[in-house]
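Participant: Residue-level listing of the chains:
2 protein chains.
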Amino acid sequence: MELTPDWVVGFVDGEGCFHVSLQKHPEMTVGYQVLPEFVVVQHERDMPVLYALKRFFRCGVVRRNHGDRYAFRIRKLEDLKRVCEFFTTHPLKTKKNVDFQKFRRVLHLMGEKRHLEREGLVQIIDIAMTMNTASRPMLEKIRRELEVG
Amino acid sequence: MELTPDWVVGFVDGEGCFHVSLQKHPEMTVGYQVLPEFVVVQHERDMPVLYALKRFFRCGVVRRNHGDRYAFRIRKLEDLKRVCEFFTTHPLKTKKNVDFQKFRRVLHLMGEKRHLEREGLVQIIDIAMTMNTASRPMLEKIRRELEVG
Chain L
1 MELTPDWVVG
11 FVDGEGCFHV
21 SLQKHPEMTV
31 GYQVLPEFVV
41 VQHERDMPVL
51 YALKRFFRCG
61 VVRRNHGDRY
71 AFRIRKLEDL
81 KRVCEFFTTH
91 PLKTKKNVDF
101 QKFRRVLHLM
111 GEKRHLEREG
121 LVQIIDIAMT
131 MNTASRPMLE
141 KIRRELEVG
Chain Y
1 MELTPDWVVG
11 FVDGEGCFHV
21 SLQKHPEMTV
31 GYQVLPEFVV
41 VQHERDMPVL
51 YALKRFFRCG
61 VVRRNHGDRY
71 AFRIRKLEDL
81 KRVCEFFTTH
91 PLKTKKNVDF
101 QKFRRVLHLM
111 GEKRHLEREG
121 LVQIIDIAMT
131 MNTASRPMLE
141 KIRRELEVG
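Keeping their order, the protein sequence lines are chains L and Y.
Mapping the first sequence onto my numbering, position 15 (from 1) lands on 15, and the numbers just tick up by one.
Mapping the second sequence onto my numbering, position 28 (from 1) lands on 28, and the numbers just tick up by one.
Note that these hints are calculated values from the structure, not bench results.
There may be inaccurate statements among the hints.
As the list makes no split between identical chains, a pair holds if one copy fits it or if it spans any two.
When the alpha-carbon atoms are kept at most 20 Å apart in a straight line, the in silico EDC-like pairs for lysine to aspartate or glutamate are as follows [unchecked claim]: (1) 54 with 6; (2) 93 with 44; (3) 95 with 79; (4) 93 with 6; (5) 95 with 6; (6) 95 with 2; (7) 95 with 68; (8) 95 with 44; (9) 54 with 44; (10) 54 with 85.
Chain L on its own, in the form it takes in the complex (with noise of 0.2 Å):
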């Protein structure tokens, strides 16, 4: 299966997310490590799908998720800085380009070493709790936690 450009971001118009999450990481002087990923998930009959989306960005795992279902992920940040050249180059067209910029913003604010002082980190996931449409718990409890430590 080939994909085209323009495929790829009707695709990701309909399935695709940009998403960043925090981790502990006690070695780490902040205390947590960001976690920027890129994932299209589909029901297994659709694997072929993500396989293609994986040979199309030459970078990514495809693995189960939930179940029946199938994730491609992009985490790497060098693959995931490739990525948003490409959403750059060929803009998507639903309001997940707003997710988008979020996201790229964040890989440049990681560019910058931001997320490694408490400072950046806070700005982190503030652009990450306006990110895709579920409330995020566990960011909103690690920001605070942050501007009291």
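Dock chain Y against chain L, hints included.
Facilitator: Same frame as chain L, but now just chain Y:
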């Protein structure tokens, strides 16, 4: 917003739905009307994309679906035939293409007026019941009715 054919295929691979339902219609010999439709549902924030699809296909309507969700919907048989031509020359890449083939088969049967007689209607119901993933208790009920009747 200008859409390209490939973007439309990618977006419909993710968000589109080919659906066949039945509605009671006492004036028809078989008692039921077949209602095929092509639908794309989005949150109201992405209404511009629905209107762009309407312009792209040069037919259909955009209406509120439920709550904050809006639907772009094509129901006219003549318009659906053009939609079928588009997705025949620009094939979907996910398993949604299987649903599309079934949808096209139903439209073909309707073109041959098979939905106006009991046997053809049962055939259409059998196809519709294997489309999409949700179970269709209403179609099963009507099918049993037609078998008995």
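Participant: Enumerate the violated hints, using their earlier numbering and listing them in ascending order.
Facilitator: Of the numbered hints, just 3 does not hold.
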